Amino acid sequence: MLVLTLRAQQQRGSMPMHDQGLLLLYLWDKRTFYLSHFDQPLQLSQAACMLVIGLDGPLRLRNGAGEALCRSALAPAGAAFDADSCGSRIAMCFLDVFGADWRRLQPRFARQLGELALDLDDEAQWIERFSSLRGEAAEPAQVWQWLELLINPQGLPWEAPPCDPRVMHAVELIKRDVARNPSIESLARQVALSVPRLTQLFRQHVGIPIRRYRQWHRLFVTSVGVAQGLSLTDAAIAAGFTDSAHFNHTFRTILGMTPSSVLARSRGVRLFVERA
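Going by UniProt numbering, the first residue of the sequence shown is number 1, and it counts up by one from there.
Quick caveat, the hints were computed from the structure, so don't treat them as lab data.
Any given hint could be a false lead.
Simulated DEER-style distance windows between Cβ atoms [stated by the list, open to error]:
#1 Asp29 x Pro209: 19 to 27 angstroms
#2 Ser186 x Asp122: 41 to 49 angstroms
#3 Gly57 x Pro209: 17 to 25 angstroms
#4 Gly64 x Gln106: 18 to 26 angstroms
#5 Val195 x Asp121: 37 to 45 angstroms
These numbers were taken from a predicted model, which means no experiment stands behind them.
Ideal placement from N, C-alpha and C gives every residue a C-beta, glycine not left out.
Modelling step: build the complete structure from the supplied sequences, incorporating the hints.
Printed below as a string of structure tokens:
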């Protein structure tokens with residue numbers, strides 16, 4: 001895997017890279033992995049399936065079904081919930097858009113809190129492994145291999161997702177021309193569906209509306225732009241956001257945090273992005 005690497009210079013007197021100030025962000029087309037410490041609870045409105053693991057202690061999760069403490073949880077696309085790390089570092093993995101990763105993982109959780117699945121069967125192993133990520137040791141190939149092992153421990157052959165090919169084509173069209181922002185009517189015409197039928201099928205197979213997926217992918221493209229050296233504002237506009245305020249609002253709505261808390265160069269950061 002070829003990667004671009006951005007690492008912010010550590011300021012004198014700041015926390016060492018192995019401490020809680022460490023922030024790791026890995027961007028692949030299929031998955032995104034993020035490890036950091038959060039000072040404030042997060043209000044999440046998921047645009048992708050997500051696996052979350054508390055590395056130093058339990059997480060407090062809250063949704064319409066109630067509240068629970070756990071060390072690991074799996075959220076489907078479209079889920080809305082609050083997450084309090086209780087001071088713990090968190091490892092987050094945003095999974096593939098068509099749900100193949102989610103389908104492999106979901107049966108391995110012990111209990112439910114509404115839409116959330118709690119308590120991964122081998123969470124202790126992954127708490128230990130992800131806690132070991134340190135500075136130069138946190139190489140992309142290693143993290144990708146771990147994610148593959150976590151999601152598919154039996155090494156089963158990859159299977160095409162049970163997704164309508166017209167929806168898959170629509171996703172590719174959105175990803176292909178993110179800045180031009182093709183209309184839903186244009187997407188429907190190109191995949192030979194009516195607008196209502198495409199809207200219905202997209203939500204059925206992806207779990208979120210087309211508009212929310214488009215926003216999610218723009219956040220990904222913006223992060224890639226930052227990794228390639230653009231400013232946050234320039235990267236956001238290149239990804240199709242109208243301005244920095246639009247980008248900031250979308251980022252906070254979906255991810256529950258400010259973009260500067262993740263992508264600011266003043267932090268101890270390692271950011272990797274896959275290149276085609």
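We went through each hint and held it up to the structure:
1. Taking the beta carbon of each, Asp29 and Pro209 are about 21 angstroms apart, inside 19 to 27 angstroms as hinted.
2. The supplied range of 41 to 49 angstroms is met by Ser186 and Asp122, whose beta-carbon atoms lie about 45 angstroms from each other.
3. For the pair Gly57 and Pro209, the supplied restraint of 17 to 25 angstroms is violated, since their beta-carbon distance comes to about 35 angstroms.
4. Evaluation of the 18 to 26 angstroms hint for Gly64 and Gln106 yields a pass: the beta carbon distance comes to about 19 angstroms.
5. Checked against the hint of 37 to 45 angstroms, the C-beta distance between Val195 and Asp121 comes to roughly 42 angstroms, which is consistent with it.
Hint violations for this structure: number 3 only, all remaining hints satisfied.
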